[in-house]
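Engineer: Dock chain B against chain A, hints included.
2 protein chains.
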Amino acid sequence: MSDNKNKVVVGIDLGGTGIKIGIVGKDYGLIAQTSIPTGAQRPYEEIIADMGKTAAALLEENGFEIKDCLGAGVGSPGTVDSSTGVVLYSNNIRWDNVPLAEELRKYLPVPVYVNNDANCAALGEVVKGAAKGCRNAAFLTLGTGVGGGIVIDGKIFEGGHPGGVELGHIRIRSDGRTCTCGRADCLEAYASASALIDDAKKMAEHHPESKLWELCGHDLENMNAKIPFDAAEAGDACGKTLVENYIEYLADGITDLANIFRPDIIVLGGGICAQGKKLTDPLNQYLKENCFGASIAYVPQVVIAQNGNDAGIIGAASLVPRKENQ
Amino acid sequence: MSDNKNKVVVGIDLGGTGIKIGIVGKDYGLIAQTSIPTGAQRPYEEIIADMGKTAAALLEENGFEIKDCLGAGVGSPGTVDSSTGVVLYSNNIRWDNVPLAEELRKYLPVPVYVNNDANCAALGEVVKGAAKGCRNAAFLTLGTGVGGGIVIDGKIFEGGHPGGVELGHIRIRSDGRTCTCGRADCLEAYASASALIDDAKKMAEHHPESKLWELCGHDLENMNAKIPFDAAEAGDACGKTLVENYIEYLADGITDLANIFRPDIIVLGGGICAQGKKLTDPLNQYLKENCFGASIAYVPQVVIAQNGNDAGIIGAASLVPRKENQ
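Each protein sequence line maps, in turn, to chains A and B.
Okay, so the first sequence: first residue is 0 according to our numbering, each after it adds one.
Okay, so the second sequence: first residue is 0 according to our numbering, each after it adds one.
Simulated from the structure, these hints should not be mistaken for laboratory data.
Fair warning: this is a prediction, and the values are worked out from it, not measured in the lab.
A few of these clues could be false.
Said to hold, decoys possible - Listed below are several chain A residues computed to face chain B (Cβ distance under 7 Å; list not exhaustive):
1. R170
2. I171
3. S173
4. R176
5. R182
Backbone N, C-alpha and C define an ideal beta-carbon position, used for all residues, glycine too.
Isolated chain A, as found in the complex (with noise of 0.2 Å):
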């Protein structure tokens, strides 16, 4: 194990729930991972601790020391200040700087990055995934929220002061849709799963004829952000309304980054991306068309995020400076 290019690093993806721990060898490949229940309400220091020792025993149990380890990355929800690994704001896990980076090394005495989660998931893709090969990538992730994260030249851009790069956060609308940060008509307010869900009960609610009611068990609480897509294709006026609403929401926001960061590559992550090209064909056709100066300027494609499961381990592990990766 003395070879540098057989050196691992750790990667952490600190959730509300869970934690999952990955060990990332050559290549970002997966040599061993696991996962410990997160137990939000406990103080921090317990938490980093279960974190940390949980971490070193994957090390150990798959024959590495530490000295094996160039380093553990971690990607936490929230506002991150990188430069100190200091978590300053975390509404998931109710974190008010927490020094993550300091507690870790306890456990855990190697280097220590920590990175907002979707800043990873966008480096991950570009390591290892949908954005390899990629100087400059733009990530968005559709989940309860919308989260984002910009890769310039390689390495995650973070703006001037911690608390930017919030693209969930860019006004796209003016229907007065309040959003989770307090301001109206975010991107996040018409672009996460949970907007896409909500639309489609108040949809299900106005068309008792709809083939939502049929793909929901007659009960709204089994709404999901895939019923709409089937409503669609199975030819349902509501489903297709919904659809159609929805790209022409995403498709604004992600027109906005092409026009600010005209990134090589728009990579989406989260788990409405298994719509695959029913997403991606419509919003690549409505860039080519809206996208300032289409018709001479580079036009970024919009591509579907290939980290998965591992998404959050390997955005993580991709803190990690690796010389053989760079």
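Structural biologist: Below, chain B alone, put in the same frame as chain A:
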């Protein structure tokens, strides 16, 4: 003139009707300046020959030899490839793939740097102006259109490909206003001086009782962007509505920039900025209330640009690296 500190740079502000040329010394002090008509209908070779000969003559008239000149910066409207000094496209001067840097060096044999004019203005405010001392700044110029520039770590941020940082072309509403870019509802369609003038004309047409009529001499052709502010100041209801709406539009764009770039400062330029605190006070209030994570994260201050009439020359000159200013 052998002392590097006494060396000068040439700043050239290329506009649709005129070309301003200046010699800029230490600390971006303007030593001399002149201007020539663009004559935009001519072949680009002629325009650039005039530009270069005039700059060379200005240096000579002021006692500088070519060896005293560290380089020339040119701010051009449109989409520029700064890596090659080629103007890819400019609507204002109807240029298409013009090798500006290469042509200019025929007449002014110094290193030539070319960038978009709004990018130049942004950097100009950082090296000498409202953002002096800031590492990161966002700049919006409110004129016929809305131009934008971003400075990150003391350098112009250009995105991954030419045609990025089109900050006037982010969508802020969904009212259906056509934008000059072909897309609907861009910031430019609401927050440019032209948009305010259009709004004021429409408002006056619907309100014969408004003070707007008196202030434009009962001829809507005389409407300008100052009149709505003057009407509001005089207590006119239409003027107040126009100003309130305009500030809300602008605030929406600015909040997006804060959420994306989280810069140290946001600088506004353009004639409308003569309104000073009437613009910046409500904008700063809006940012404090609406910026993502405003209660815990850094909220940038909105200020008015300071380089005034010299902004174009100073901004262009700031493209030329000067060790003592870095």
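Engineer: Does each hint fit the structure? Answer for all of them.
Structural biologist: Structure-based check of each hint:
1. R170: Hint on A/R170: holds, closest Cβ of chain B at ~5 Å, below 7 Å.
2. I171: 5 Å, holds
3. S173: 4 Å, holds
4. R176: At 11 Å from the nearest chain B Cβ, A/R176 fails the 7 Å test, so the hint is violated.
5. R182: 5 Å, holds
Violated hints amount to a single one, hint 4; each of the other numbered hints is respected by the structure.
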